[in-house]
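Next come the chains, spelled out residue by residue.
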Amino acid sequence: SQKIEQNSEALNIQEGKTATLTCNYTNYSPAYLQWYRQDPGRGPVFLLLIRENEKEKRKERLKVTFDTTLKQSLFHITASQPADSATYLCARGQTGANNLFFGTGTRLTVIP
Amino acid sequence: DAGVIQSPRHEVTEMGQEVTLRCKPISGHNSLFWYRQTMMRGLELLIYFNNNVPIDDSGMPEDRFSAKMPNASFSTLKIQPSEPRDSAVYFCASSSGGGDLNEQFFGPGTRLTVL
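Each protein sequence line maps, in turn, to chains C and P.
The numbering of the first sequence is the numbering used here, which starts it at 1116 and goes up by one.
The numbering of the second sequence is the numbering used here, which starts it at 57 and goes up by one.
Mixed in with the good hints, there may be bad ones.
[What the hints assert, rightly or not] In the BS3-like style, the derived pairs of lysine-lysine whose C-alpha atoms are separated by at most 30 Å in a straight line are:
{"no.": "1", "chain 1": "C", "residue 1": "Lys1118", "chain 2": "P", "residue 2": "Lys124"}
{"no.": "2", "chain 1": "C", "residue 1": "Lys1132", "chain 2": "C", "residue 2": "Lys1172"}
{"no.": "3", "chain 1": "P", "residue 1": "Lys134", "chain 2": "C", "residue 2": "Lys1118"}
[To be verified] Chain P residues, not near chain C, derived (Cβ > 12 Å throughout):
{"no.": "4", "residue": "Ser83"}
{"no.": "5", "residue": "Pro117"}
{"no.": "6", "residue": "Asp119"}
{"no.": "7", "residue": "Lys124"}
{"no.": "8", "residue": "Pro126"}
{"no.": "9", "residue": "Ser129"}
{"no.": "10", "residue": "Phe130"}
{"no.": "11", "residue": "Ser143"}
{"no.": "12", "residue": "Leu171"}
The hints are simulated quantities; they were obtained by calculation from the structure and are not laboratory data.
Yeah, the Cβ is synthetic: ideal placement off N, Cα and C, and Gly gets one too.
If we strip away everything but chain C, and leave its shape as in the complex, we get (with noise of 0.2 Å):
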């Protein structure tokens, strides 16, 4: 089964600190990982992809990381802001389907 879990259901942050989220899978590795931002009351939006082959991908202030070896995908959030608090949701994909699976999604607070 193509499982993917986010360890922390919520996280809460000083305002200027940097939040790390974890997002670890089971079984095989998928081809890409996804991140997606849902505010309360809407759908998910896309944030970053990063691939199997890469390490790290940036963003402005985000960053995601993709380690095979711990079967693991960390996302940063540098210099967080209050408007950075929402719930975050990981997604595996692979390769020959555009089909997603999510974790569960973490909520982070940054606390002025």
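Assemble chain P onto chain C, guided by the hints.
Just chain P, lined up with the frame of chain C:
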């Protein structure tokens, strides 16, 4: 572009009634996905279509659920008869073709409550 459009935004119905959820994907996108989100189970893929053809419906909970995509700009998810355990937020998403790395664009969701 208006993005993915879903209707209704909220639906309250009684057990046993038929429920139809509607989705209009982004113009030009050829993949459409239906998801269900609950606190307990997170975001679950129910079914997805490529070029209006159902590709994988293994996530559809049971025969009470059915989905159609009669054309590239419209899809429905029907529950008949509905049960209280079907209460959830149902999302529709679409993505463009050309590969399996494409991001999905989600609609605002339909919050379904079955009494």
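| field | Hints that the structure is at odds with (numbers, increasing) | value | Structure breaks no hint.
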